[in-house]
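S.K.: For reference, the chains in residue letters:
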Amino acid sequence: MNLIDEKEFEERSDNIDDSDLVIWNIENDHFTNIQKKLKGAGAKLLVGPRGTGKTHQMRIIYQESIALGKHQSQPVCIFTSFGKYYYLEPLLVKSSNAIPIFHTWVLCKIVDGLYKYCKDINHNIEDLNEDYISPKLINDFIAKAEKLSPSELTSHQLIHEISISKVIALIETLVVKLNKTKAILLLDDAAITFTPEYLIEFFDIFRSLKTKIIAPKASVYPGTTQYGPRFHVGHDAEIVNCWLSVVDETYIAFMNSLIEKRFSLYTQAVPKDILDILQYASFGIPRAFISLLRNYNSFKENTIQANFNRTILEQSKYIRIEYDSIKLKMPQFKGVIEAGLYFFERITNDLREENSRLVDEKNIYIGIEETSIKENHLSERMIRFLIEAGLLYEDSSVRHGAHSAGENREYRRYIPHILFLLLERTFSKSRGFNTAEILRNLKAKNKKHPLRRKIDTILDVDNKYKLKLDVPPCPRCSTPRLTEEQRFCHICGTELVKQSAFESCMNINIDQLPIPDWQKQRIHHDLKINNIGELISKPDPGTELRKIKNIGIKRSENIHKTALILVDEFLG
Amino acid sequence: MANNHSIYSYRINDYSTPSGWTTSSLFDATFTESTTSAIDTFYSKIKELNVLILDPRNFRPLFDSLHIAGTISTDAHNDLNHAITDTTSIKPVFSNLILLGYISAVESFIREILRRIITIDFDARKACELRTIAYGAALFHTPDMLPEALLENLTFLSRENIEKVLKDFIGIVKIPIPKNISDILIEYENVCQLRHCIVHRFGKLGANNAIKLGLDSHGIYIEKPIKLTYTALQNVASVCSNLVKDINQFLWEYVMMRLIAEPVNQSTWKRRTSGVTWAWDFRKDKKRFKNYFDTFVLTGSASYAADVHTAYSEYKLKYTLLP
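Which chain is which? The protein sequence lines are A and B, in order.
127 is the number of the first residue of the first sequence in our numbering; add one for each residue after it.
257 is the number of the first residue of the second sequence in our numbering; add one for each residue after it.
In case anyone wonders, no lab produced these hints; they're calculated from the structure.
No residue lacks a Cβ here, since even glycine has one placed at the ideal position from N, Cα and C.
Any given hint could be a false lead.
[Stated by the list, open to error] Result set (DSSO-like, lysine-lysine): computed pairs, CA atoms no more than 30 Å apart in a straight line:
1) B:K435 <-> A:K664
2) A:K220 <-> B:K423
3) A:K220 <-> B:K301
4) A:K654 <-> B:K572
5) A:K673 <-> B:K574
6) A:K210 <-> A:K594
7) A:K664 <-> B:K572
8) A:K270 <-> B:K430
9) A:K673 <-> B:K572
10) A:K210 <-> B:K435
11) B:K483 <-> A:K594
12) A:K336 <-> B:K435
13) B:K540 <-> B:K572
14) B:K435 <-> A:K270
15) B:K526 <-> A:K664
16) B:K574 <-> A:K654
17) B:K430 <-> A:K220
18) A:K273 <-> B:K574
19) B:K468 <-> A:K292
20) B:K574 <-> A:K220
21) B:K430 <-> A:K262
22) B:K501 <-> A:K270
23) A:K220 <-> B:K420
24) B:K382 <-> B:K420
25) B:K468 <-> A:K220
26) B:K483 <-> A:K220
27) A:K262 <-> B:K435
28) B:K303 <-> A:K624
29) A:K220 <-> B:K546
30) B:K546 <-> B:K301
31) A:K624 <-> B:K501
32) A:K162 <-> A:K336
[What the hints assert, rightly or not] Some chain B residues judged to face chain A by a derived CB distance under 10 Å, without partners named:
33) I309
34) D311
35) D342
36) T487
37) S523
The shape of chain B in the complex, shown without the other chains (with noise of 0.2 Å):
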């Protein structure tokens, strides 16, 4: 009787089916690296996250196309324009996708800077050129992306890890990563504590999570839910943006400053003696000069608009006010 060697198998729960899962069908071959700089790449996928909060599924122009053609009336177009705008009313479980959205997006952005000024900048280039890849990663990746597959085996979630990649990898000696940048590390550090409890604990505070939040004010939240408000979802997003512009900016500021000084100490520079390429005439520089602008340029804002000849004419000044 075979069924005396079987194990106490009563039905606890029912039976799984096929899923139906492979993953090489799931990614979109068609895709290709755009040319914008990182820091715009990293708005727009900002962007793509901040209107589904509220709008998920994109329902708002069908109800104004619906009142448009007279199908409901204004009054009927006016609730749901009220509910769809109601920021109180946002699903927390939601609310926490967006989260690690977010964290994707400025992990990303790191990544995408890093391999950008790899491939552009031979002192970063240089840094990096005693590091080991994946031998898989070579034969596929095109000679640009290479430099991501640097990167593959590293997370970006704290500040010690961000600071240590920055230097090691962009090859900054001397000058330290500017306090505004730890500042907002530390800051960047707690919102990566809840994706933590979000990953692991489908968003419910750890006691691991609580220490490094400060034990003093999160204790009594140990085992509780994290609700995410509209407001702190967009401090949340807050937080991301000042990390992704600061560190861009700093990127910016030291890797142009290399290419012409030498750092002397914590704060100063002296002119370079030897290895300056530029010629001080923009016709000539241009191609070179526009390169390094635009993998750092902001182009999408609605404030503010860096201008390249403005760039190349203080960067020139720069260069003979050295010491």
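Isolated chain A (complex conformation) (with noise of 0.2 Å):
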């Protein structure tokens, strides 16, 4: 581990400092590509799973347009993330003014980062006179809408004071103030899938943000379809694909210059097959190379097969762990989730079989009946959580059969994670541990067609049956719901409240916190404090904690970090 500099394996591009990214750079046509897509005119959404490196590619543009700051051709840039949009969902399910709140905060993130860049350029903000909103009352907006106690801003002077088109003549003023031309937005995180509610409201915003000067750009995840009835992919924004295909022929070029620009010392220590493999392993996707290259030079397995064995293995375990927790954020798609894994491990498994049979050529392609889809609308979300999570690759759909027999049915064609398929063994046809045959096989010519398959044949009856949604009863006599958005139950006229998820996770007992069990009594005896929510809405929980006996500035510090961790890897 010596040999390489820890910050090598710094996987998320917000925590890689500024001054490293340039250096980072990958120079190749993809990338090249992403990014005259980003700073070039018209909306864009840039798309890919998390991981394939979206943020990374704002931040490089970013950062060029501060390094050549007042330069005329260079746009205005405005940098923001939305990742801690889930923060608002409480409100969703308590406040009738959410969609306004949210439409502020997203406002306030906007002009927060005007600001940001006006002063990493060193123009003085005031110099926007009539468009010129306080910076502390933005701030003080958007601490309260992500300090979990946004019930604050019912009636925050912003809501009404901010409007999309006061944002625009802000952006505009500045451009003409900076004698630029244009000024592109670069919306991070912008993915607002698991509250559909905002991530609506969020696309109309991002419609209306584009003028002949304003250029929005919006990170998203793959297979989001439901942008709302006044968005249209493609009319009102172009796609830009962020996630590399392994199929692409310029697959291999591209995570070979991860390597060299990134990873040259390293690779010395891991053979050049295994390497090879997990480029494949990562599936496109840069920072799960990263991870997989840690993991393998981490383990000290005693054979290459081992350790190979292990490194996929405990990756398998995150992938799946993560793809879990969506449940926690969506409760009512619990079924539906649970549903989609056993579906993935199926048509792993039925590739496996089929590639066993096959010689000299792989296939890797699964090709799902376009009808047997849309026969039932969650078996389309199903597919969707799993495109969404990177765990399936969606390629253009294909047709199949005779058109004169009736029979010409239409095939949606998906790639599963290679990673799962390389785990069952899909490319060893011998029965020892081969890595130049797995190699052999991964690159092999893809067979004609895809291998074919129907909902219905995929799914036994009890994951069909998890085809549906989990929302609570009425709580008044207990008759399951007819539909999500229903509001009133209709044999006892009842309002059905909608369970916020946040809020369970507020709900969550002190005594779940990893830490000593002395201080979990402590909280709870002198403090009176219960749950997670109680903990980390106190003004200043340090100050809190550190009135038990005992407990000082570092465990204070460790118990508020400890909750916040929790919080974070539920929201996050």
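With the hints in hand, could you dock these two chains into one complex?
M.R.: Shown next as structure tokens:
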């Protein structure tokens, strides 16, 4: 491990120092094309699952525009992240004006990004005269919204004062003042998928921000289709794919450039074949590749085979846990998400069997009959969850069967995460561990047709049954709901309550925190604090905790941090 | 020839017949006003309407019992169940009528809550003292229903209108109607536009309504009928119940605050120097406090229960903390 500077293993670009970013810049066609689209005119959606480098791409552009600062050719560049949107989720169940509050929060974040840009290029913001909104107010609103106590916001001054047109005026004034011609908005973590109500509102704002001068860009997850009735992907924004398919001809070149730039030192310790296989196993996700490399090097198994197997296994566990965690955020889709995992396991298994029969070619494509997906709208949702999580890569649809015979069916083609195919030993024909063979099979030509299936033939009865919404029944008469949007019981007429997933996180008992028992007892007893929400909503949790005997600065900080990590894991 | 003087009278339609219509026997004289809070009354009306949507004639218990008795098979029972819970087969005209019901429930809530506040609250009563009522109303109403006559000539179909009525009849000064209520009132106004279409045009969108709703997004629907889906109908009910909840909460807060404080400006209050009539001992204040509490409290919720003791102790605390 000494060979490598820790920095090279920083997987989230939010945590990379700005000065390192540009050095890490990878030059290849895929990367350059994305940069060009993000810098150019027009609204764009940067699409990719977690870890594909969306934040990285945006931050590089921001750095460049700061470095070249006041140069006229550089656009005004505003970078802001909406990753904390879930903190506003509780409003959806207890405030009729949740949407206006969210709307204001989004605009505040953009204005905040604009002020940060001004600061970074040393421009005085008060110069914006009549369009100027006090940064203090902006920060106050953002802080309150993200402080887990957004109830104070209902009558906040900014809800009346800030508007889309005002934000547009503010940005355009800055463009003029700086003698520039355009502005780009880099809106990171805009995949607001866990709160569809906010997602729709967000893309309404996104669409309205587009002017001749302003070009908004947002990073989103793949598979999301519900941008709302007023937003049309393709028309209102162009898709820029940040997730490179493993079958793309530039895939290996892209992954290699990643090694050359970032990990040249590191590759010495990894056998060439293993390195090549790990490139496939990362499934086009640079963060996964970094994680695989780090794990491979940290495990000290006796053989290359054991080390490799363990690396793959650990990573698969991690991916599964991450996928499973969606259930906490969207409890109404618990069954759908579970059925999705079964679906995924079945198709990787079927592909393994298919490949064991193939000679000199491989098949990594599964084709699911279009009509079988459309039979139940939750089948569609199930597949979307898998795509959003990066477990399935969606390719173009194909038609199959003779047209004249009326058997011409449409199939949607998906590639499951290669790591799980490797885990199933899909590319090993012989009994032993032969890296050359695995690699040869991975690189083999793909069979012409995908392995064709229907939803019906993949899911068993139990899992088909799971394709329903897990919404709580009527609190009065226990009748299950008919639809997710149902607000009143159809049998007894009682108003149905929406469950806030965020609030269930806040209700987690202090006892669940990984801290010593005596500390838990004292928190319960001395502070009368019983759950996470009560602790972190204190104005200053550290001071509060130090009221307990034997808890000083270090311990109080540790407890507070532990609680925040738990919350972040839940919401992140 | 008398016929020479008669007008052209070719029958273009058939003859009308005696209708048997009289209104006096149409009302239930045995009805007495319930003592539950205004918001509880509102919810019981909303519940009635909600149940109507899918099973207006209450057939479900009938085929449930037929199934239990073995008259119909489980399959037939499932089919019936499926048919009755099919949210896509609701007749549009019927959905429209339900919408009218929701609006009626909101209106009668506003009337009821105002009437009850005026009956129990001195300052609200003072705000209405100079208003006139119909002589006939004065003759026939019982004293506690009399304020209802004050509201006879009013409608509650626009934001301005509703805000003005709340202010005038409760005597709200200095404090503005909260933003959240104004926001819902804008939504509610749109619901009322649909009401106009239903009442006056059998559900077709008129040009005036389209202008009010926003021509850019509604222009293409002029002279097209409303199509309320089950979800849309639920959303309408939600707008109505949000409005009622927020008005109820606001009036509760305002009326209770006014008993112990005076508004200084838009958002701050200072303690009343005289005329605070609470003894700050629950045993002594109970009767009067409960009178206010019961006027506003929602008891029918499955998810929230207000508690009179907590309400009182927080009230007392508020008083001691007032500047």
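S.K.: Could you run down the list of hints and mark each one as holding or not?
M.R.: Right, here's what the structure says about each hint:
1. Pair hint K435 of chain B plus K664 of chain A holds up; C-alpha atoms about 27 Å apart against a cutoff of 30 Å.
2. For the suggested pair K220 of chain A and K423 of chain B, the alpha carbons sit about 26 Å apart, so the restraint of at most 30 Å is met.
3. Only pairs whose Cα atoms come within 30 Å are accepted, and K220 of chain A paired with K301 of chain B is accepted, the gap being roughly 22 Å.
4. As the CA atoms of K654 of chain A and K572 of chain B are separated by approximately 23 Å, the hinted pair is consistent with the 30 Å bound.
5. Between the alpha carbons of K673 of chain A and K574 of chain B the distance comes to roughly 27 Å, so the proposed pair stays at or under 30 Å and holds.
6. Of the supplied pair hints, the one linking K210 of chain A and K594 of chain A holds, its CA atoms being roughly 29 Å apart against a limit of 30 Å.
7. Of the pairs offered as hints, the one joining K664 of chain A and K572 of chain B holds, with about 24 Å between alpha carbons and a cut-off of 30 Å not exceeded.
8. About 27 Å separates the Cα atoms of K270 of chain A and K430 of chain B, which keeps this hinted pair within 30 Å; it holds.
9. The straight-line distance between the Cα atoms of K673 of chain A and K572 of chain B is roughly 29 Å, inside the 30 Å bound, and the hint therefore holds.
10. As the CA atoms of K210 of chain A and K435 of chain B are separated by approximately 25 Å, the hinted pair is consistent with the 30 Å bound.
11. Restraint check for K483 of chain B and K594 of chain A: the C-alpha separation of about 27 Å stays at or below 30 Å, so the hint holds.
12. About 29 Å separates the Cα atoms of K336 of chain A and K435 of chain B, which keeps this hinted pair within 30 Å; it holds.
13. Taking the CA atoms of K540 of chain B and K572 of chain B, the gap is about 13 Å. The hint holds against a cut of 30 Å.
14. Restraint check for K435 of chain B and K270 of chain A: satisfied, since their Cα atoms lie roughly 18 Å apart, inside the 30 Å limit.
15. At most 30 Å may separate the alpha-carbon atoms for a hinted pair to count; K526 of chain B and K664 of chain A meet this at roughly 28 Å.
16. Of the pairs offered as hints, the one joining K574 of chain B and K654 of chain A holds, with about 23 Å between alpha carbons and a cut-off of 30 Å not exceeded.
17. At roughly 27 Å between alpha-carbon atoms, K430 of chain B and K220 of chain A fall within 30 Å of each other, so this suggested pair holds.
18. The suggested pairing of K273 of chain A with K574 of chain B holds, with an alpha-carbon distance near 25 Å, which does not exceed 30 Å.
19. Only pairs whose Cα atoms come within 30 Å are accepted, and K468 of chain B paired with K292 of chain A is accepted, the gap being roughly 25 Å.
20. Of the pairs offered as hints, the one joining K574 of chain B and K220 of chain A holds, with about 24 Å between alpha carbons and a cut-off of 30 Å not exceeded.
21. The suggested pairing of K430 of chain B with K262 of chain A holds, with an alpha-carbon distance near 28 Å, which does not exceed 30 Å.
22. For the proposed pair K501 of chain B and K270 of chain A, the alpha carbon gap of about 24 Å is at most 30 Å, so the pair holds.
23. For a cut-off of 30 Å, the pair hint linking K220 of chain A to K420 of chain B stands: about 27 Å separates their Cα positions.
24. A threshold of 30 Å between alpha carbons decides the hint, and for K382 of chain B with K420 of chain B the separation of about 17 Å falls inside it, so the pair holds.
25. Annotation: proposed proximity of K468 of chain B to K220 of chain A holds, straight-line Cα distance about 29 Å (limit 30 Å).
26. For a cut-off of 30 Å, the pair hint linking K483 of chain B to K220 of chain A stands: about 29 Å separates their Cα positions.
27. With a C-alpha separation of about 22 Å, the suggested pair K262 of chain A and K435 of chain B falls inside the 30 Å cut-off, and the hint holds.
28. Pair hint K303 of chain B plus K624 of chain A holds up; C-alpha atoms about 18 Å apart against a cutoff of 30 Å.
29. With a C-alpha separation of about 26 Å, the suggested pairing of K220 of chain A with K546 of chain B holds against the 30 Å cut-off.
30. For a cut-off of 30 Å, the pair hint linking K546 of chain B to K301 of chain B stands: about 24 Å separates their Cα positions.
31. For the hint pairing K624 of chain A with K501 of chain B, the CA-to-CA distance comes to about 16 Å; that is within 30 Å, so the pair holds.
32. In summary, the hint linking K162 of chain A to K336 of chain A is supported, as the alpha carbons are separated by about 18 Å, within the 30 Å threshold.
33. The interface hint given for I309 of chain B is met, as the beta carbon of that residue sits about 7 Å from the closest beta carbon of chain A, less than 10 Å.
34. Interface restraint check: D311 of chain B against chain A, minimum CB-CB distance 8 Å, threshold 10 Å, status holds.
35. With a least beta-carbon distance of about 9 Å to chain A, the hint placing D342 of chain B at the interface is held under the 10 Å criterion.
36. Interface hint status for T487 of chain B: upheld, as the beta-carbon distance to the closest one in chain A is roughly 5 Å, under 10 Å.
37. A distance limit of 10 Å between C-beta atoms decides the matter here; for S523 of chain B the minimum to chain A is near 8 Å, and the interface restraint holds.
Checked against the numbered hints given earlier, the structure satisfies every one of them.
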